[in-house]
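The task is simple: from the sequences and hints, build the whole structure.
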Amino acid sequence: MRNPAADHKQASSKKKLAASFLKPALAASVALDPHSKWRRRRQRQQPPARTYRGGDGTRLPGRRSHVTHTMAEWLLSASRQRRVKAMTAAAGSAGRAAVPFLLCALLAPGGAYVLDDSDGLGREFDGIGAVSGGGATSRLLVNYPEPYRSQILDYLFKPNFGASLHILKVEIGGDGQTTDGTEPSHMHYALDENYFRGYEWWLMKEAKKRNPNITLIGLPWSFPGWLGKGFDWPYVNLQLTAYYVVTWIVGAKRYHDLDIDYIGIWNERSYNANYIKILRKMLNSQGLQRVKIIASDNLWESISAAMLLDAELFKVVDVIGAHYPGTHSVKDARLTGKKLWSSEDFSTLNSDTGAGCWGRILNQNYVNGYMTSTIAWNLVASYYEQLPYGRCGLMTAQEPWSGHYVVESPVWVSAHTTQFTQPGWYYLKTVGHLEKGGSYVALTDGLGNLTIIIETMSHKHSKCIRPFLPYFNVSQQFATFVLKGSFSEIPELQVWYTKLGKTSERFLFKQLDSLWLLDSNGSFTLKLQEDELFTLTTLTTGRKGSYLPPPKSQRFPSTYKDDFNVDYPFFSEAPNFADQTGVFEYFTNMEDPGEHHFTLRQVLNQRPITWAADASNTISIIGDYNWTNLTIKCDVYIETPDTGGVFIAGRVNKGGILIRSARGIFFWIFANGSYRVTGDLAGWIIYALGHVEVTAKTWYTLTLTIKGRFASGMLNDKSLWTDIPVNFPKNGWAAIGTHSFEFAQFDNFHVEATH
1 MRNPAADHKQ ASSKKKLAAS FLKPALAASV ALDPHSKWRR RRQRQQPPAR TYRGGDGTRL
61 PGRRSHVTHT MAEWLLSASR QRRVKAMTAA AGSAGRAAVP FLLCALLAPG GAYVLDDSDG
121 LGREFDGIGA VSGGGATSRL LVNYPEPYRS QILDYLFKPN FGASLHILKV EIGGDGQTTD
181 GTEPSHMHYA LDENYFRGYE WWLMKEAKKR NPNITLIGLP WSFPGWLGKG FDWPYVNLQL
241 TAYYVVTWIV GAKRYHDLDI DYIGIWNERS YNANYIKILR KMLNSQGLQR VKIIASDNLW
301 ESISAAMLLD AELFKVVDVI GAHYPGTHSV KDARLTGKKL WSSEDFSTLN SDTGAGCWGR
361 ILNQNYVNGY MTSTIAWNLV ASYYEQLPYG RCGLMTAQEP WSGHYVVESP VWVSAHTTQF
421 TQPGWYYLKT VGHLEKGGSY VALTDGLGNL TIIIETMSHK HSKCIRPFLP YFNVSQQFAT
481 FVLKGSFSEI PELQVWYTKL GKTSERFLFK QLDSLWLLDS NGSFTLKLQE DELFTLTTLT
541 TGRKGSYLPP PKSQRFPSTY KDDFNVDYPF FSEAPNFADQ TGVFEYFTNM EDPGEHHFTL
601 RQVLNQRPIT WAADASNTIS IIGDYNWTNL TIKCDVYIET PDTGGVFIAG RVNKGGILIR
661 SARGIFFWIF ANGSYRVTGD LAGWIIYALG HVEVTAKTWY TLTLTIKGRF ASGMLNDKSL
721 WTDIPVNFPK NGWAAIGTHS FEFAQFDNFH VEATH
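In this note's numbering, the protein residues as written are 1 to 755.
Just so you know, these hints were derived from the structure itself, not from any lab. Warning: the hint list may mix true and false statements.
Distance windows between CB atoms, simulated [stated by the list, open to error]:
#1 T698 <-> P569: 23 to 29 Å
#2 D257 <-> P388: 30 to 36 Å
#3 K281 <-> T698: 50 to 56 Å
#4 L469 <-> K730: 47 to 53 Å
#5 T503 <-> S719: 52 to 58 Å
#6 T643 <-> Y189: 15 to 21 Å
With a Cα cut of at most 27 Å, we get these calculated DSSO-like pairs of lysine-lysine [what the hints assert, rightly or not]:
#7 K331 <-> K208
#8 K510 <-> K463
#9 K502 <-> K561
#10 K561 <-> K633
#11 K331 <-> K277
#12 K484 <-> K527
#13 K292 <-> K281
#14 K484 <-> K205
#15 K730 <-> K561
#16 K331 <-> K315
#17 K253 <-> K205
#18 K292 <-> K158
#19 K253 <-> K339
#20 K552 <-> K463
#21 K510 <-> K158
#22 K158 <-> K208
#23 K292 <-> K331
#24 K331 <-> K205
#25 K436 <-> K158
#26 K552 <-> K158
#27 K436 <-> K527
#28 K544 <-> K502
#29 K527 <-> K502
#30 K339 <-> K436
#31 K339 <-> K281
#32 K205 <-> K229
#33 K436 <-> K502
#34 K338 <-> K281
#35 K484 <-> K436
#36 K510 <-> K552
#37 K544 <-> K209
#38 K544 <-> K633
#39 K502 <-> K339
#40 K339 <-> K315
Don't be surprised by glycine CBs; every beta carbon is placed ideally from N, CA and C.
Written out as structure tokens, the structure is:
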């Protein structure tokens, strides 16, 4: 049941907030009129404002939300009288046509901005999106318990609820380290195909379930090693690489009923013009003419210049995508006349400063660079925070063990655009910068709807992680907007507002009272201050979705066990393990029907075509980065005779693109009958080594205990080495792995930790 007192209090609060920002031209003239004190006294004598609401508490369409008919008529009459006085005193012989602009200049010391479609429209809008992958950025999301996992997905994809994204771009897993981990390929080997590895298939289906119209994009970062035929290069055999990519698209449809809309070339690496042409031909041969090609997901210059010189290349590239363009495109890209996208952007901590970065570039990528789509890296920060670029997602969900997640401010900044536009809308030609800093864009569906997004993000609070942001200044201003063309008769605009910065002044995606344009010649004036976002729209479907707060944050469990006994796993990877080099998958060991029938197996025997810097050893991390004292116990099985080796480790202090230089305490055994204790993954820092009775094809139990400045190890519960001094690092994750790219199995993993 609704609480009338609470409703009244909320409505009152909303009106007070709205009053400080929204100033239709007539309201501005009241504020600056020498007789405004008398008029305010007359206003106080008017009947109390009435709000018309439906049974569910929402405003009824077509009703005035903040004044009665009597008050409105009185205000409009007073406004007309003031306009006559202003014209007489200041307009002189300028004539009636100049009155609205002259009046704005007198009453609101700021710029006047016309929004008009009389001279046609600007570029077609292609949507706002985010990247899952590049790499393993959604790794922990899949392990969230319900209902929290579905809630997170709703905040990201559900229309008119949260970020309401139009685009989901995913990594085509290639088995290599691609920023925060590895994502498995659908073809580890030439004759191997499996379209159920990883979680990107699942994520695309969940996004599609919430928004059937969402645009899906696939892009490779790394490639499985067999494509390179011994070289770290995907263009050794152009036909083979094109075949590999096309099988992913075909598999998406065949096994998951997913239609991929766009396909990329090679993320932030070299493109090959002949490969792009072959890819197009192969797509067409498979009946995939509808799949469009985006290139090159790197810089503007090379690909756009090549397209202008190569007619066939020009024909097969549908979209030019650049990464972190700093809101600017280049002349060659614009000369192509192709769609221009910021196909990866943001990549910034999801604080209010990150939200400011996101709000600024969503507008200015089009205002400055004619980019009709902006895609954030990354979708959701669902990876261990101490990995590179921790918390650089639109929201944070890095605790599946507790269910805790945070709907960060970039979600609501996204909503200012995504909830009130759709791909297929058009920008107006009349967009631009505000006189005292900030920018504005306007879009229409061509059917009478209009959405205006205004941002005034300051330099200090809107720096993105890249590129360098030249200095600019934003200051308080009045901005008058004049609606012309087919928009001149719009009677009402819904208003949504965000203020970033100080907690006491902070608002995220708050709906204010509607702005009525009755008898205002289609103009209104806003008082704008730093770090604000306004959306003014004819659409009434906006909503700030919410759920009950999720569980409170908790540390990773200090006691953790996994026996990997899953007969038909829904996901190929075991919960909470984050592969940093190599791929660790659930495995059914048909040769062992006993205790080790179900295991976790490292499945790569060849180094992938790298994107970042895969280690020479495979490794998967797990747990709490702050773990200091811990005991790790795990059954291990070396599959490669003579040269094979495996390890367990603690206090592992680096991951992602830094994995090659990871330090920690690593306990190794080798099939040649030796053991080793090292202080780093690469094996350069050796604490101890010796001989031990170990061979391949046999299960062993390793135990590593780290306490304070000392570490000890056991083999099959018998002490092998003790009290080795380990002064660095002081803390880090637990880990398992192999000596090289080789098959090996792990079972009955168990950690007991104290911080």
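>> Run through the hints listed earlier and report the numbers of any the structure violates, in increasing order.
In response: Of the numbered hints given earlier, those the structure breaks are 4, 7, 9, 14, 20, 24, 25, 30, 32, 38 and 39, listed in rising order.
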